[in-house]
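Quick note, the sequences are listed as chains A, B, C and D, same order.
Under our numbering, think of the first position of the first sequence as 1, with each following residue one higher.
Under our numbering, think of the first position of the second sequence as 1, with each following residue one higher.
Under our numbering, think of the first position of the third sequence as 1, with each following residue one higher.
Under our numbering, think of the first position of the fourth sequence as 1, with each following residue one higher.
Please note: incorrect hints may appear among the correct ones.
Some but not every residue of chain D turned toward chain B, in silico, with C-beta under 8 Å [said to hold, decoys possible]:
#1 Asp85
#2 Thr98
#3 Ala126
#4 Val390
#5 Ile391
Because the hints were derived from the structure by calculation, they are not lab data.
Just so we're clear, the structure is a prediction, and the values are computed from it rather than from any experiment.
Think of the CB as a built atom: it goes at the ideal place given N, C-alpha and C, for glycine as much as any other residue.
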Amino acid sequence: MTNPMLELVGLRKNFGGLMAVDELDLVVRSGEILGLIGPNGAGKTTVYNLISGIYKPASGKIIFQGENITGLRPDQVANRGVIRTFQIASLFKELSVLDNMLVAFHLQSRAGFWRSMLNSNYSRHEEKRFRKRALEILDFMGIGSLKHEHTINLPHGHQVTLGLAIALAANPRMLLLDEPLTGMNPEEVNTMVSRVKQINQEQGITIIVVEHNMRAVMELCHRIAVINFGKKIAEGVPDHIRQNHAVIEAYLGES
Amino acid sequence: MNKNNRIKSLLLLVFTIIGFLFPVIRNDPYTLSLLLIIFVFIVAAVGFRLIYITGRLTIGQAAFMGVGAYTSALLSLNFGINPWLGLLIGGIAAGILALGIGYIVLRVGGVYFVIITLCLAEISKLFWLWWRPVTYGNSGLIDVPGFSIASFQFGINKIPYYYLSLIIMLVALFVMYRMERSRIGIALHALGQNDVLAEHLGINRTRYRVLAFTTASFFCGVVGSFYAHYIHFVHPDQFGVMPSIMIQIYGIAGGIGVFFGPIVGSFVVAGLTEFLKIAKEFQPLIYGPLLVIIMLFLPKGLIGLPQMFFKSSKK
Amino acid sequence: MNAQDILAMVINGLSSGLTLMLVALGLTLVFGILHIINLAHGELYMLGAYCVWWLSELMGFNYWFAIVLAMILIAFLGVLMERYLFRRFRAIMVPSLVVSIGLMLFLQSSILLGTGMGDKEIEPVFHGQVTFLGTSLSLGRVIIGAVATVLVIAVILFLKYARPGQAIRAVAQDAEASSLQGISMNSVSRLTMIIGSALAAAAGGLLGPVFHLDYMMGFPVLLKALLAIVLGGMGSVVGGVILGSLVIGLVHSFATTLIGPEIAEIILFLIIAFILLIRPSGFFGMELRT
Amino acid sequence: MKKFGLTLMVLAVSLALMTVVPFAMAKEKPVKYLKIGCNYGLTGVVAPACIASKRSLELEVERINKKGGIVVGGQRYHIKLLFEDNGYTSEGSVAAATKLIDRENVKFIFNIGTPGLAQTSVTEPAKVLSFLSSSADQALLNKKYSIRVYPLVQMNDIALLEYISKNIPEVKRVCLLFKNDSSGILNSQILPKLCAHYGMEFIGDELYSLTETDFYPLLARMLPRKPDLIVTDVGTGAALMAKQAIEKGYKGFFMGTTLGADIAWNKIGDKVPDGRFLGPVVDPGSKAAPREIREMTKRYEEKYGKGAPLDIAYLYHNYLMLVVQAVKKAGTVDDTDKIRDVMVKNTWDLPWGKTRFVGKEVWGVDGQGIMPVFVSAWIGSKKKIKLLKVIPAEDVYPTFLKLFGKK
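Hey, can you work out the whole structure from these sequences and the hints?
Set out below in structure tokens:
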């Protein structure tokens, strides 16, 4: 529980004159669920974009399991096991639910170009295995019955769930969840929270969550880091954060 | 689902058999000459679609046909290289060029890519026109040798050319179909629909797009080279913007969403073009509005036609 | 190479860039609102020229009056095209490409067959040359440059200060937000098509006497206009297009004079491709699919 | 919305039917036909020339048939023209030629433009006489059944330069500004040699693209080299170029070397001073033109109104007349070997003038018909073409052979 999974060291990113992330240091421990919260425009999404490789930092380092992954492309980051979800359910809209899942197995495929082109035994076997695993994950997430639906027809809640299922299918070591509870009713929120916990406990996946639903965050996370104006203003267990002055000020100041 | 697939493969088999038996049933050089050119454009149109599914719309595929045609024609005219080898070399030349160009241009998306490829088609034509010491510019390359097997010259006989083009088309279609059906195809589709998400799932977008682009262009090069040795004449106008647009029409009018769309499109639109030639110079007056009408009623292409009937009868 | 030669190249480039601007401006407005590439836009230019030829040479109208009349007629045609064809393909790029090609073939062919095979010409209104900073060019071109500039400025002012113009800009920036504010999408796209078609017709009518009339004259101009607007930023408002057109004119002029005409065209296309590559993200990113 | 679409569809279908039905209903009459195929680009880049040629050929054939057709070997034939559109593409040209030969069994095919050359790959093995109209130098190379009665660029150049060297001695520096088609390419190859032959200095060549309309940059490149004579064609593009050259202060001469629309010269209107633009054309309506061409022009304008056909349309009357006369003389309509033999061994009286066949020394076959060269000048102040001299082919051909024949 104590060795670091991901370390952000002195991370900086600016858009023109605006400093979106400023000298951010953050350590994510292996096996924990870390909540990343902050007012709107605090730079949370930018942090995700930096980790996952959409942006290159102006300075600073990102270290994942001892390896410097600063400035890698998103697919290279994903290759190392860091998988993220997106704020607005981001799916492959014209593919079926099952095909959506199969995209995610891409990383685990060991059948090379020729073997998959020639439809070799190995690749067929592999695909069968992936399908089976995909169905398992869908069942686990409770949307197994929708496997042949086109994602475009799914209700919002299911789309978000599928987004998480896809991320899981990519065999992550670490998940970056971006507002997974947006637009859900309380019941759905509860289900989602318990599922995320289950993923964390049963599969030992380290998770970072960005979320505005404070109650859920407090319930879900082992630790919470608060940022504002791209700077970390507090870090600690939920109870500690709840009473932190700087945090209350940041949120009050916003509203 | 499974049944559907079986019907599809059965239909496919039937069409392939018809394709192979056609010259036996009906040895009509004119029809054969039309069909074998349609086969050439089918390859280009399906290639156009292969690039399209990765989210890139190209109006420049004829440029790669040109590369194949000029490479192979020039090699056979100047160095006596066998046209059979030329087919492969033409394809490889187009493929290599596409690989290099693809790595640069495929990073650009949306309408910019459309226009860059339009530029590409125009540049290639201008280039063949300009490089006169080698290509004879607008005079074209005359008397490009044809194919032969041992001492048998294909000559004026359309049948061997028909079979050759049929085989080339089947091979190209098979490869591109396999590619789309394999895990590579899923990655390509994923890129087309949401390349940010795909990239975050570990799919290297440039590499996969270049793969699709290169594959499509390789086959374009091969059929371009075939074209040169079949027509025995290579002219820059055949590989500029207008032919590229034609390829694109075949693909879109047929139905870009489905693998068989461009095939249907090539047959129907090219057949229509040929049929309308009885109207002589008035042909575009009918052809143009027909294209508009097809797209107005079938925005998903001709392949949507049976579906439409199916749905309306269901109601 | 002395200063005078360079000046001549600049003037030649500007003179062709100014006329390109009119076509490119209309095209980019239509793209900005309807989000389709109208490949038949060049045909509106061609139709404008033929319309002026028909009105001034056959019907005997005054040249300037003929241009205004042609602008109205072609704008009306544009409205029809928008209403029955393009509106339903708003932001659906793929089928609309084929639609515009069908339209292009139809318009070209009907002009060819409708006006006969012989060459047509519009009698120039202005004769004589002007010598400007040691470079001589025809008076006609100077006038065209001036009229084009006036038209473009009028469009800029319209977009900036008139209410319908502001609506166009609003929709170009954010269609959804604008429609929430009660701007009618349909009337904006109709207005855009009117402006675009009228500008293209004006360009055709203005250039008719200077160049020649040909039923295929639209496509080369369309190609260059496309290049100009991607250079300036597709769908971006006026500034980019003006810059883009002038750059195209200048590059073409310099490259032709310094290196030669055929290679100049290749260079022109290469430069555009190169610029697009180094600055793809600098322009508005357009998603291809709907 | 739906209704409009439906109406549109109905309209289009009826339009299609209206065009198609008359073709389908035209039944064959029980007369023997001499079929001539025309592999034309009725759509595409060369459509105007092809359509003009189609119309004027049809008029001519109608006239011949009305007079009872022609008699070959005791049998009366009507002439039937079969037009096939190749869309100005190579594959279209091959398909059209295949259709004409295979379905209609034609023995003579006319074509226009360079991509049409692709048809020779079909016509040669089928022993079908192919009448070409491309300036491409290799078009005839070792092609036994290919015939070209199309003014050679080389011959025009020689005739015009000879005229200029004799009559306009101040021309010393020559440059080439030409569209980049096959005649342009040919000109850029032959002109340096020709200029040297006539004691002129060749100072450079630039070929521009076919769609070019703005020549200011190109002229800014060429005019500082101070040419006295700009060699170009007499088409619309060249007229524009000439007009703009004068706007740019050019004071010298122009020489067109190919045929083109005479009306294109109107573009330069009064811009070019009288007699400064010379070309191998003839005003088809004027008295200077051969009688047959004059009559054709009249007939064409009666039927299709203003806008006289292009010069190129008349060229095809050469082909028509050649075929008509040759089959009569050969006494057969389908033995192409014999017809070709008769064709190349005789001298013919064609609309364009006396024509005989040459070319063995250059292309390996005698497939090139040579005819008189008309040297004309544009009189801008009167907006008309003035014929200066008709130079017989015999006066030009020896020079051609001396300079360009293969040793």
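Structure-based check of all given hints:
Hint status for Asp85(D): holds, given a least beta-carbon distance of 5 Å to chain B, under 8 Å. For Thr98(D), the interface hint holds, since its Cβ comes within 8 Å of a Cβ in chain B; the closest pair sits about 5 Å apart. Contact between Ala126(D) and chain B, as hinted, is supported at the beta carbon level, the nearest pair being about 6 Å apart and thus within 8 Å. For Val390(D), the interface hint is violated, since its Cβ never comes within 8 Å of a Cβ in chain B; the closest pair sits about 29 Å apart.
Here the hint on Ile391(D) is broken, as its CB sits about 26 Å from the closest CB of chain B, past 8 Å.
Going through the hint list in order, the structure does not satisfy hints 4, 5.
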